[in-house]
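Novice: Make the full structure from the sequences, and use the hints.
Top to bottom, those sequences are chains A, B and C.
At the far end of the first sequence sits residue 325, using this note's numbering, and the numbering has no gaps.
At the far end of the second sequence sits residue 328, using this note's numbering, and the numbering has no gaps.
At the far end of the third sequence sits residue 286, using this note's numbering, and the numbering has no gaps.
Be aware that a few hints might be false.
Residues of chain A clear of chain C, computed beta-carbon distances all greater than 12 Å [what the hints assert, rightly or not]:
{"no.": "1", "residue": "Asp31"}
{"no.": "2", "residue": "Val197"}
{"no.": "3", "residue": "His213"}
{"no.": "4", "residue": "Ala258"}
Residues of chain A clear of chain B, computed beta-carbon distances all greater than 10 Å [what the hints assert, rightly or not]:
{"no.": "5", "residue": "Asn10"}
{"no.": "6", "residue": "Thr27"}
{"no.": "7", "residue": "Arg58"}
{"no.": "8", "residue": "Arg65"}
{"no.": "9", "residue": "Asp77"}
{"no.": "10", "residue": "Phe79"}
{"no.": "11", "residue": "Arg112"}
{"no.": "12", "residue": "Ala136"}
{"no.": "13", "residue": "Pro144"}
{"no.": "14", "residue": "Leu194"}
{"no.": "15", "residue": "Val217"}
{"no.": "16", "residue": "Ser257"}
{"no.": "17", "residue": "Tyr289"}
{"no.": "18", "residue": "Glu302"}
{"no.": "19", "residue": "Gln319"}
Where chain C lies over chain A, by a calculated footprint (3+ residues, C-beta under 8 Å) [claimed, not checked]:
{"no.": "20", "region": "99-110"}
{"no.": "21", "region": "203-209"}
Quick caveat, the hints were computed from the structure, so don't treat them as lab data.
Given the structure is predicted, the values throughout are model-derived calculations rather than measurements.
By construction, the Cβ of each residue, glycine as well, lies at the ideal position given by its N, Cα and C atoms.
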Amino acid sequence: MPPPLVEIANLTRDFRNHRFFGISQTTRALDDVTLQIDQGSIFGIVGESGSGKSTLARLMVALDRPTSGKVVFDGEDIFSLPAAALRHHRRNFQMVFQDPFGSLDPRQKVGRIIGEPLHVFASQSARGRVSERVAAMLENVGLPATAADLYPHQFSGGQRQRIAMARALITEPKLVVADEPVSALDLSVQAQILNLVLDLRDTQGVTFVFISHNLAVIDCIADKVGVMHSGRLVEVGPAHEVFDQPRHPYTHELRASALSLDNEIGANPVAARRRQTPLGKLTGGCAYYAQCPIAVARCSVERPQLRPDGTGRLVACHQVASVTE
Amino acid sequence: MNAPLLEIDNLSIAIDRPGGAGLPLLTDISLQLGRGETLGIVGESGSGKSLLALGVIGLLPEGIGSSGSIRLDGTELLPLADDDLCKVRGRRIGMIFQEPMTALNPVMKVGDQIAEGIVWHRGVGWCDARRDAVRLLDQVRIPDAAIRAKSYPHELSGGQRQRVGIAIALASKPDLLIADEPTTALDVSVQKEILEILDEHVRNDGMALMLVSHDLGVIAASCRRTMVLYAGARMEEGLTEEVLSDPRSPYTRGLLAALPQRRIGDRRLAAIPGNVPGFAALPPGCRFSDRCPDRIERCQTELPAWRSFGNGRGVRCIRAETAASEAG
Amino acid sequence: MSVRPTVLPGDKRTSVARSSKLVAGLVITGVLCAIALVSLVWTPLPPTKIQIAYKLTAPLQQGLLGTDQLGRDVLSMVMVGAWNSLSTAVAAVAIGGSLGTVAGLFAAAARGTPEALAMRACDIVFALPPILSAMMLGAFLGTGRWTAIIAIAVFMIPVFARVVCGAARQIWPRDYIQAARGAGKGPMLISIEHVLPNISSQIIVQVTIQLGLAILTEASLSFLGLGMPPPSPTWGRMLADSQTYLAQAPWLAVAPGLAIALAVFGLNMLGDGLRDTLDPRTPLLR
Numbered sequence: 001m002p003p004p005l006v007e008i009a010n011l012t013r014d015f016r017n018h019r020f021f022g023i024s025q026t027t028r029a030l031d032d033v034t035l036q037i038d039q040g041s042i043f044g045i046v047g048e049s050g051s052g053k054s055t056l057a058r059l060m061v062a063l064d065r066p067t068s069g070k071v072v073f074d075g076e077d078i079f080s081l082p083a084a085a086l087r088h089h090r091r092n093f094q095m096v097f098q099d100p101f102g103s104l105d106p107r108q109k110v111g112r113i114i115g116e117p118l119h120v121f122a123s124q125s126a127r128g129r130v131s132e133r134v135a136a137m138l139e140n141v142g143l144p145a146t147a148a149d150l151y152p153h154q155f156s157g158g159q160r161q162r163i164a165m166a167r168a169l170i171t172e173p174k175l176v177v178a179d180e181p182v183s184a185l186d187l188s189v190q191a192q193i194l195n196l197v198l199d200l201r202d203t204q205g206v207t208f209v210f211i212s213h214n215l216a217v218i219d220c221i222a223d224k225v226g227v228m229h230s231g232r233l234v235e236v237g238p239a240h241e242v243f244d245q246p247r248h249p250y251t252h253e254l255r256a257s258a259l260s261l262d263n264e265i266g267a268n269p270v271a272a273r274r275r276q277t278p279l280g281k282l283t284g285g286c287a288y289y290a291q292c293p294i295a296v297a298r299c300s301v302e303r304p305q306l307r308p309d310g311t312g313r314l315v316a317c318h319q320v321a322s323v324t325e
Numbered sequence: 001m002n003a004p005l006l007e008i009d010n011l012s013i014a015i016d017r018p019g020g021a022g023l024p025l026l027t028d029i030s031l032q033l034g035r036g037e038t039l040g041i042v043g044e045s046g047s048g049k050s051l052l053a054l055g056v057i058g059l060l061p062e063g064i065g066s067s068g069s070i071r072l073d074g075t076e077l078l079p080l081a082d083d084d085l086c087k088v089r090g091r092r093i094g095m096i097f098q099e100p101m102t103a104l105n106p107v108m109k110v111g112d113q114i115a116e117g118i119v120w121h122r123g124v125g126w127c128d129a130r131r132d133a134v135r136l137l138d139q140v141r142i143p144d145a146a147i148r149a150k151s152y153p154h155e156l157s158g159g160q161r162q163r164v165g166i167a168i169a170l171a172s173k174p175d176l177l178i179a180d181e182p183t184t185a186l187d188v189s190v191q192k193e194i195l196e197i198l199d200e201h202v203r204n205d206g207m208a209l210m211l212v213s214h215d216l217g218v219i220a221a222s223c224r225r226t227m228v229l230y231a232g233a234r235m236e237e238g239l240t241e242e243v244l245s246d247p248r249s250p251y252t253r254g255l256l257a258a259l260p261q262r263r264i265g266d267r268r269l270a271a272i273p274g275n276v277p278g279f280a281a282l283p284p285g286c287r288f289s290d291r292c293p294d295r296i297e298r299c300q301t302e303l304p305a306w307r308s309f310g311n312g313r314g315v316r317c318i319r320a321e322t323a324a325s326e327a328g
Numbered sequence: 001m002s003v004r005p006t007v008l009p010g011d012k013r014t015s016v017a018r019s020s021k022l023v024a025g026l027v028i029t030g031v032l033c034a035i036a037l038v039s040l041v042w043t044p045l046p047p048t049k050i051q052i053a054y055k056l057t058a059p060l061q062q063g064l065l066g067t068d069q070l071g072r073d074v075l076s077m078v079m080v081g082a083w084n085s086l087s088t089a090v091a092a093v094a095i096g097g098s099l100g101t102v103a104g105l106f107a108a109a110a111r112g113t114p115e116a117l118a119m120r121a122c123d124i125v126f127a128l129p130p131i132l133s134a135m136m137l138g139a140f141l142g143t144g145r146w147t148a149i150i151a152i153a154v155f156m157i158p159v160f161a162r163v164v165c166g167a168a169r170q171i172w173p174r175d176y177i178q179a180a181r182g183a184g185k186g187p188m189l190i191s192i193e194h195v196l197p198n199i200s201s202q203i204i205v206q207v208t209i210q211l212g213l214a215i216l217t218e219a220s221l222s223f224l225g226l227g228m229p230p231p232s233p234t235w236g237r238m239l240a241d242s243q244t245y246l247a248q249a250p251w252l253a254v255a256p257g258l259a260i261a262l263a264v265f266g267l268n269m270l271g272d273g274l275r276d277t278l279d280p281r282t283p284l285l286r
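Specialist: See below:
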């Protein structure tokens, strides 16, 4: 078996908000995350807002630095590299952002936007062929080569997301991290982008980390999935198995609250299952303790670690044995 | 049968342009909504669904006008002066917006924001109104309502802010509640609870609900009837169950097929080709004709008329018409 | 796949109001610039030609705008004054604006301590009004055109640094900047290629408004005798000289006063018009 493309070890990121009179408060956006991503796979990450999934995405492509922990990409610890070497290394991992209207510079033409990474990474001799490569890339993502001479505002949301995809792919990266790439798109266009991701993986062997709050999207596209809650991974495993048979109570809740076409409101009220949120923040215990329907006393004092549960999955829950479908 | 609470006839909304016809954003909308009924308005960006919601409550942006007829309990709303419309707005029609943070006043305690509406519209004193506000917060399931009433909007989570928004809308016990993407900005676990609160008021108080959303799941879960909009025109209407299980418009069929779902083997999702058209550049003929897999030549030359099948079911599609007449 | 513009047609009424401001500003400023340029090659009379015999003649009797206490043609003096005022203002804003823009871009890109230091430095310069710094500079360099230019430019640096830093800080968190970082670009390249073009409209607006201010400051400096030395006429000194003859020859004050007011008004209109056109804020419908 080939070694994983990305190995994330004990990755932690604290943010400090400054308040009045120098009093500062530290929030832990990402808490001790360990994760491996296999070559050529699509790894899905689901979680709600504030679960740390975007922080994790930015760290994976070195747009941010961790408080502690490391990201080993293709055998190299990217945060221990000197600045120039890291800059050169960036061609191997690229990012696609959520908002197709904010991720393209409105003052630059599409051709220049897509070619931008080449200006840094390509050798002097290869620069002359930038426009050829841009044209080829545009066709690759399903846009006409003439699009290079237009400005971003002349495109619709779905088309812009294709442009963003083309920019990410032009350096022939091994990894593309896509942070909610379809959440801002219309349903009728969403499927086009999801198909594009699948095609690119199959034809070019790109590894994708695909982040979404939408379970159906992840279920559709991902091979493996990591479920995040309060900055931690709570469950990792093959996507279909995780969604069919969640082992962590939070995954369970996520799945239960996703609305499909045959849901009916009022059949199983959420409030009945939820216990009162205690005031003040718990320290030390499981972050999900307050909402967990199966919590025991141990959960309030000891933080569960992500462990193999014996079925090829990793689960962070003391009560794993009692979660049954 | 009693007259329906809300009756919209042939409503059009257009950008005013000096001299000549306006640029239409929404055309030929007719619908009826009775007390205790729920209607989902589903559509993508540019479908005009939010504009419809704003049009009903009379809050269209400047420079955009509406024509046709909107009747609430038999009273025509469109010709009303601003003052009279204000009374209708607060007392009889409530509105919930997508982004709860921008809909709340950031420097006013949430309890007072709810009480304000009660004082204004029911003419009770501030003291009673504040007590009512706490009761309403409790009703929208905010824990420790009496304490929370004294918080400012930024101290609440997104879900709690949306609950406050609902409490404000419910304060005047409206006959009709319009919710424009009420759960789009919220997490899935909160979404369901918000929809449950709305459902409770429809069931218990006989409130009518018009829910605008792009999310078929939300509509399916909370609306008995559904209207599908595309590029400013209604494409299909009917009982939600029927629309979703037996869609007659190719657009609805395409939307349902494009829902992300688990793939079998190497299969791809059934995407609708092309993009949602801007309203300034609509294709001639049927608005969906440039993306429709079932189009025939006629689709590109004439806009199909709205065809009603009775029982509230209707569709705008030439092919559906011919299919119906062939069937008998 | 078809590519369709998704831009909203703007509202006619507001765009008319916007463009009328812009047109008024452009016309006034354009006429002033033309007059200033013409004065370089032609004036009705040489502005320094003294004709004591015709001193303090009312407008239209001798020349279009009359003559001053030495019989010099007021119209010619106002025309040359336009060149002196505008060129001083343009030079000052060009120097101050570009230094301030660089400082602002740097502060926004560096964040943290360098930004705080740059902004505190701005505060210090802000505390010195240009008239004060012109007097101090004048003590070292002697009065003259460059003293005025440098004094005004120094005052402009923090103004531009503030505006540019504020605008650039709005741009930095955007995703396209993150994408450029992901493409391996450093902060300097990003500032030049992405930040500067995206804040250019704010800078242009600021330039026009500050030009108006610079003309006003130049006028007050020369009013106090800190500007260009005689005999070359400036609007400020013409105003100062006219004080003595205000009762006998009010046109001496009216001509340069009106010129100053018109120049500042025109530039402000231009700035307002540009702001509205470059930043339309059309309500977007979704």
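Novice: Determine for every hint whether it applies to the structure shown.
Specialist: Right, here's what the structure says about each hint:
| no. | hint | result |
| --- | --- | --- |
| 1 | Asp31 | holds (23 Å) |
| 2 | Val197 | holds (18 Å) |
| 3 | His213 | holds (18 Å) |
| 4 | Ala258 | holds (25 Å) |
| 5 | Asn10 | holds (27 Å) |
| 6 | Thr27 | holds (14 Å) |
| 7 | Arg58 | holds (20 Å) |
| 8 | Arg65 | holds (28 Å) |
| 9 | Asp77 | holds (34 Å) |
| 10 | Phe79 | holds (31 Å) |
| 11 | Arg112 | holds (23 Å) |
| 12 | Ala136 | holds (22 Å) |
| 13 | Pro144 | holds (13 Å) |
| 14 | Leu194 | violated (6 Å) |
| 15 | Val217 | violated (5 Å) |
| 16 | Ser257 | violated (4 Å) |
| 17 | Tyr289 | holds (16 Å) |
| 18 | Glu302 | holds (25 Å) |
| 19 | Gln319 | holds (19 Å) |
| 20 | 99-110 | holds (count 8) |
| 21 | 203-209 | violated (count 0) |
The structure shown violates the earlier hints numbered 14, 15, 16, 21.
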